[in-house]
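From first to last, the protein sequence lines are chains A and B.
Position one of the first sequence corresponds to residue 1 (our numbering), numbered consecutively onward.
Position one of the second sequence corresponds to residue 1 (our numbering), numbered consecutively onward.
Source of the hints: derived by calculation from the structure; they are not laboratory data.
Mixed in with the good hints there might be a few duds.
[As the list claims (entries may be wrong)] Computed list of lysine-lysine pairs in BS3-like fashion (alpha-carbon distance at most 27 Å, straight line):
no. : chain 1 : residue 1 : chain 2 : residue 2
1   : A       : Lys245    : A       : Lys86
2   : B       : Lys86     : A       : Lys156
3   : B       : Lys250    : A       : Lys86
4   : A       : Lys86     : A       : Lys156
5   : B       : Lys348    : B       : Lys254
6   : B       : Lys86     : A       : Lys254
7   : A       : Lys254    : A       : Lys156
8   : A       : Lys320    : A       : Lys211
9   : A       : Lys320    : A       : Lys254
10  : B       : Lys250    : B       : Lys172
11  : A       : Lys86     : B       : Lys348
12  : A       : Lys254    : B       : Lys172
13  : B       : Lys254    : B       : Lys320
14  : B       : Lys172    : A       : Lys156
15  : B       : Lys172    : A       : Lys86
[Stated by the list, open to error] In silico negatives: residues of chain B with every beta carbon more than 10 Å from chain A:
no. : residue
16  : Gly5
17  : Glu28
18  : Arg39
19  : Ser166
20  : Arg198
21  : Asp268
22  : Val285
23  : Asp309
24  : Asp370
[Said to hold, decoys possible] Pair by pair, the computed Cβ-Cβ distance ranges are:
no. : chain 1 : residue 1 : chain 2 : residue 2 : range
25  : A       : Gly92     : B       : His168    : 26 to 36 Å
26  : A       : Asp165    : B       : Ala337    : 37 to 47 Å
27  : B       : Gly319    : A       : Leu91     : 54 to 64 Å
A virtual CB, placed ideally from N, CA and C, is assigned to each residue, including glycine.
Number of protein chains: 2
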Amino acid sequence: MRQIGVEELRDIATGAALMGAGGGGNPEVGKLMAIAAVREHGPVSLLDPSEVPDDFLVTSPSGIGAPAVGLEKFPNGSEFELMMNKLREILGRDVDAVFPIEAGGINSMIPFIVGAKLGLPVVDADGMGRAFPELQMSTLALAGHRICPLILADEKGNLVQIDVDSPHDAEKFARAVTVEMGATSQSVSDTTTGDALRNDGVLGIITKCQKIGHLIRHLGDYPTPASALAALLDVTNGQRMFTAKITDIKHVTKSGFNFGTVLFSGIDGDSGRMGQLEFQNENIVFSVSGTVVATAPDLITLIDTETLDPVTNEELRYGKRVHVLGLPADDKWRTPAGIECVGPRYFKYDIDYQPVEELVAEAQKKGVID
Amino acid sequence: MRQIGVEELRDIATGAALMGAGGGGNPEVGKLMAIAAVREHGPVSLLDPSEVPDDFLVTSPSGIGAPAVGLEKFPNGSEFELMMNKLREILGRDVDAVFPIEAGGINSMIPFIVGAKLGLPVVDADGMGRAFPELQMSTLALAGHRICPLILADEKGNLVQIDVDSPHDAEKFARAVTVEMGATSQSVSDTTTGDALRNDGVLGIITKCQKIGHLIRHLGDYPTPASALAALLDVTNGQRMFTAKITDIKHVTKSGFNFGTVLFSGIDGDSGRMGQLEFQNENIVFSVSGTVVATAPDLITLIDTETLDPVTNEELRYGKRVHVLGLPADDKWRTPAGIECVGPRYFKYDIDYQPVEELVAEAQKKGVID
Chain A
1 MRQIGVEELR
11 DIATGAALMG
21 AGGGGNPEVG
31 KLMAIAAVRE
41 HGPVSLLDPS
51 EVPDDFLVTS
61 PSGIGAPAVG
71 LEKFPNGSEF
81 ELMMNKLREI
91 LGRDVDAVFP
101 IEAGGINSMI
111 PFIVGAKLGL
121 PVVDADGMGR
131 AFPELQMSTL
141 ALAGHRICPL
151 ILADEKGNLV
161 QIDVDSPHDA
171 EKFARAVTVE
181 MGATSQSVSD
191 TTTGDALRND
201 GVLGIITKCQ
211 KIGHLIRHLG
221 DYPTPASALA
231 ALLDVTNGQR
241 MFTAKITDIK
251 HVTKSGFNFG
261 TVLFSGIDGD
271 SGRMGQLEFQ
281 NENIVFSVSG
291 TVVATAPDLI
301 TLIDTETLDP
311 VTNEELRYGK
321 RVHVLGLPAD
331 DKWRTPAGIE
341 CVGPRYFKYD
351 IDYQPVEELV
361 AEAQKKGVID
Chain B
1 MRQIGVEELR
11 DIATGAALMG
21 AGGGGNPEVG
31 KLMAIAAVRE
41 HGPVSLLDPS
51 EVPDDFLVTS
61 PSGIGAPAVG
71 LEKFPNGSEF
81 ELMMNKLREI
91 LGRDVDAVFP
101 IEAGGINSMI
111 PFIVGAKLGL
121 PVVDADGMGR
131 AFPELQMSTL
141 ALAGHRICPL
151 ILADEKGNLV
161 QIDVDSPHDA
171 EKFARAVTVE
181 MGATSQSVSD
191 TTTGDALRND
201 GVLGIITKCQ
211 KIGHLIRHLG
221 DYPTPASALA
231 ALLDVTNGQR
241 MFTAKITDIK
251 HVTKSGFNFG
261 TVLFSGIDGD
271 SGRMGQLEFQ
281 NENIVFSVSG
291 TVVATAPDLI
301 TLIDTETLDP
311 VTNEELRYGK
321 RVHVLGLPAD
331 DKWRTPAGIE
341 CVGPRYFKYD
351 IDYQPVEELV
361 AEAQKKGVID
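Isolated chain A, as found in the complex (with noise of 0.2 Å):
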């Protein structure tokens, strides 16, 4: 067990982003919320999965919704309390902590928040290990465990209750819902115990997180642009795929989901070349001059060629200047059940997955990319 404080928020945020492939809000907000609740209520004790017992009760509290409307319409955190009071009623005892359901700029935050106001630890484990769109995309989910009681409250203290054993089912009710109350909502769903999410969960996710945010931050200390690249390649296990400027982005929101497409012209090594990139909350797809170069669940993220921040959905701006990596999923996504719930095909890509580190010696073999 560790504290987090202040600073130890703003590193999980960063890193968060980055681990949040596109998706996941922005962190700047969520940044904010979690340290203004730490900073009221005192710093917010983080367990590793290792110190957790079998029969904790845990839950984990977010976001659901299209991130580009959280931007203006973000939690007030009193929604929380009603959820959990809601919780408590339905399981007839209070949880012993909580956890983020994905690495995202808000998701990886809102456990601290409500941690903070309500005195609970956070698990140092995820259900996705990256940011993905829809409830049902969680390891988790995958392994067999319920998303219900799946609970939903909008910013006047509606609450809908969701109770249902079908994670397609759970995720389709709370779109409907979200989209009713404005195209987000806030949510506390995925409670189970600490023995099931230890063995099914992604495992460490906030800890990496923090040392991705802590290296970015101290991007200084290194000595040139490139070296701090290859740190960071190293602490993600990812891969520098593309170097472009951004040229085009398409950008719709719909049924609660932002969907979009960006260009890029490739810069430095990758001159000459041209990416695309397609998006639905997360990314999902990169292509280079029409090859595949990498595909969800495998991350595909932005980063900032001068300060390696993460670039999210909501912030990309025509002209800016990223490194595109590709960074391997969590083996629990890798199996033939991961890939048909969150593999190119689900995302109605006519493409079959294949490893980013095969795609991109492929395509590094065949001249595609630098």
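For chain A, the structure is supplied; the task is to place chain B on it using the hints.
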């Protein structure tokens, strides 16, 4: 208190279909389900509102959604047991009785199905005195009573629980969830006290429906169809506005509602005149030769010219000969607040509400109708 068995249910279902004002679902489906429940479990006690103790807890089980879909996808009954169990958890006790939220082929029958299965009496009162398409359109909500806790279920046993203060928000979330449930859902809502139901409900509606149904079933006892119609108008306090043949039906199911327009060509005394009916689940505006003759909240209801059987909107057929009746709404609807809630302007018609008896008298005077 009196007992409701198979014969009574037949009559109630017929009368409720008439009072459903075109909506409320097909009376055959509801009737067959209720009869099966009463055959299995025995008759259901019907309580006169005056017999209901002030502190009785009463609730309303019903169906939500487009009646045209309800025809193919009607409840299997176990949804209501699931929902009543959930309601017990919320309230910490059982309810003492159930009541229909509206008069209509399906929703007048569901309380008898639930009453028979769970051994609960039904109160002879509803929340509309007719059918209406949206949840907030009840005299109970109009009087300030909460619709929530509102529990929704589908035939898969999926449960969604809505807990919001605003009746319009309850409707909004329920509609979104109902659409995802496949355009119909089952619900339990409007839990209140015996006292509140007696003060703010529409009293005696079931007995009224039974009288109407009894009269129609005993049509042969009247010397002529005209004298039976006169008796029916006497029981309902209604008027025959138009007699016609259906010449066109436009019909679309959208966002969990049935929308439509029906065109009529007058026959008998109305020969040579054209009628037009607009509906949104229920009939909303009826006009003849461009003159409005009746609008919601007054009831516009069609009956077969031969059998006097009510013709609900999913039974509309080209060539069918009908009387178009106009029945005054309950006085609770004829207030400024009632008219704002369910008058023609709420349904997007640029028409001021005027009581049907006045509109009919004016139209007769102008020679627009017979």
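How the hints compare with the structure:
no.	hint	in the structure
1	Lys245/A x Lys86/A	48 Å, violated
2	Lys86/B x Lys156/A	24 Å, holds
3	Lys250/B x Lys86/A	45 Å, violated
4	Lys86/A x Lys156/A	16 Å, holds
5	Lys348/B x Lys254/B	16 Å, holds
6	Lys86/B x Lys254/A	33 Å, violated
7	Lys254/A x Lys156/A	23 Å, holds
8	Lys320/A x Lys211/A	25 Å, holds
9	Lys320/A x Lys254/A	25 Å, holds
10	Lys250/B x Lys172/B	26 Å, holds
11	Lys86/A x Lys348/B	38 Å, violated
12	Lys254/A x Lys172/B	18 Å, holds
13	Lys254/B x Lys320/B	25 Å, holds
14	Lys172/B x Lys156/A	14 Å, holds
15	Lys172/B x Lys86/A	21 Å, holds
16	Gly5	35 Å, holds
17	Glu28	30 Å, holds
18	Arg39	32 Å, holds
19	Ser166	8 Å, violated
20	Arg198	29 Å, holds
21	Asp268	48 Å, holds
22	Val285	28 Å, holds
23	Asp309	37 Å, holds
24	Asp370	46 Å, holds
25	Gly92/A x His168/B: 26 to 36 Å	33 Å, holds
26	Asp165/A x Ala337/B: 37 to 47 Å	42 Å, holds
27	Gly319/B x Leu91/A: 54 to 64 Å	60 Å, holds
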